[in-house]
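Chains as they are written, first to last, in the UniProt record's numbering: chain W, 1 to 183; chain H, 1 to 332.
Because the hints were derived from the structure by calculation, they are not lab data. Among these hints, one or two may not hold up.
[What the hints assert, rightly or not] Only some residues are given here: those of chain W computed to face chain H with a beta carbon under 7 Å:
(1) 21
(2) 34
(3) 88
(4) 92
(5) 93
(6) 151
Even for Gly, the Cβ is constructed at its ideal location relative to N, Cα and C.
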Amino acid sequence: MKRFRYPPGPLYGDYARAAAGLALTGLPPLLLSLSPWVWVPMAAAAGLFAIFGARTAQRHATVIEMDDDRVTARGPLGGSISWEHLAHVRLNYYSTRRDRGLGWMQLKLKGSGSGETVRLESTLDGFDEIAERVAEVARSKGIGMTDTTISNFAALGIDADLDSTPLTNQGENAGSWTTRGSR
Amino acid sequence: MLGFLVRRIMVMIPTLLAISAITFVIIQLPPGDYLTTLVTELESRGEAIDQSRLQFLRETYGLDKPMIEQYFVWLGGMLTGDYGYSFEYNRPVADVVGDRMLLTIIVSFATIVFIWVVSFPIGIYSATHQYSLGDYGLTFLGFLGLATPNFLLALVLLYFANVTFGTSIGGLMDSAYIDAPWSMGKFLSVLEHLWIPVIVIGTSGTAGMIRRLRANLLDELHKQYVVTARAKGLSPGKVLWKYPLRMAINPFIADIGNLLPQIVSGAAVVSIVLSLPTTGPMLLDALRSQDMYLAGSFLMFLALLTVVGVFLSDLALAALDPRIRLEGGATR
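Extracted from the complex, chain W is given alone in its bound form (with noise of 0.2 Å):
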């Protein structure tokens, strides 16, 4: 069996995220008499900020086991999911950047029965290697994935498609991401 853990660098960048924007979307409703129009997307916003604190937080203590028989997060709010059940694969690229680069991959595996799903993200030690096992399941199973995904995992160099040839023509840029974080 195989551990993973997010690395706390990432990490540390999150909650210093969240506590920045805590400190800029959340005190002003709080010591000031605002507007309702500018109350309310601050409230909001601080909300979010509150999520993402908590989430990263949930990231911090996630343990995430892997072996032949399944993958499991280990931790508040953790799931497993067995090869076997494995139904749905999702791996989304995210970047605030208008050039696009250095981002971030978000990998959702839903299993068949209830409460089987996991999330991962590209910024977990060893985040390639799940994916690649991931694909392999996915291709052996048949399990259908959308285009998105299948050009997101040829990023990484893991061909994900079902009709395709071999991985040899997919551009000198295959393989080659790096994302903020410990890429």
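Place chain H on chain W using the hints.
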């Protein structure tokens, strides 16, 4: 998606603060202030103003304070709903703007809906029926829309509406409803007058959108995966809706951010021609007379629209197509 949302908001906050600072500096850049403009005007008419009264006004409006202090007072006021005082109208900015902001939002929203509702089906038709009679006809109309000056179209439509439907010339409502409280009659009167500015402002935007959607969709329809999908026996409708259209509307959605402020600021000339009680003409007057708080509030509103528009389009794009683009210059 939560991470994206949070990071995107973290970009928005300093952007808005920077815009507010730049806006304040810009409205302070012309030499002098509103009071010096007033004194010059009075002197040109041979009148004089008492220096002690001038000093009193300067202190009352805070014009004697350093710029940085004025900025923070203005910024704090914006947060608490106090947008400052209009020197020109001698009333708080919020009172001066009054219904104008609401009417501007109604006109802008109706224009955006018009642009989308008209350009979306036409763009798809033009791309899927390339070089057909319909494509040529609609392309011709699109170029006509792009080439016709808004103010000219405004005058033509005003005449047409007056002669054909008896709609009163200019304004967004019958004169009986101006300054009257909102009622069903006033609302219907606004609706009766609304279509003219919506068509005038929306025509050029519609033409541009049709051209862009047509070009994007044609690019996608000629790609290999569409040929493969057709070869596999997918129906033409499914082939179109499943992938090419989704890809083709990405730039369409990315444009929302620019659309909002363009419509609000671009409508200024049309608003003057049509005598619309919107914010455009008032912003021009405020800039001319150095009515700094009124102009600053409008400029901040436009900046806010831009930032919120770009934010919404980024969110829509992230939800619609969260894909890495290897050819986009990213260091993947």
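Structure-based check of each hint:
The restraint placing residue 21 of chain W at the interface with chain H holds, with a minimum CB-CB distance near 6 Å, inside the 7 Å limit. Because the closest C-beta pair between residue 34 of chain W and chain H is about 6 Å apart, less than 7 Å, the hint holds. Contact between residue 88 of chain W and chain H, as hinted, is not supported at the beta carbon level, the nearest pair being about 15 Å apart and thus beyond 7 Å. Taking 7 Å as the C-beta contact cut-off toward chain H, the hint placing residue 92 of chain W at the interface holds, the least distance being around 4 Å.
Taking 7 Å as the C-beta cut-off, the interface hint given for residue 93 of chain W holds, the closest approach to chain H being about 4 Å. Annotation: residue 151 of chain W was flagged as interfacial toward chain H, and the flag holds, the nearest CB pair being 6 Å apart, inside 7 Å.
This entry does not satisfy hint 3, going by the numbered hints stated previously; all others are met.
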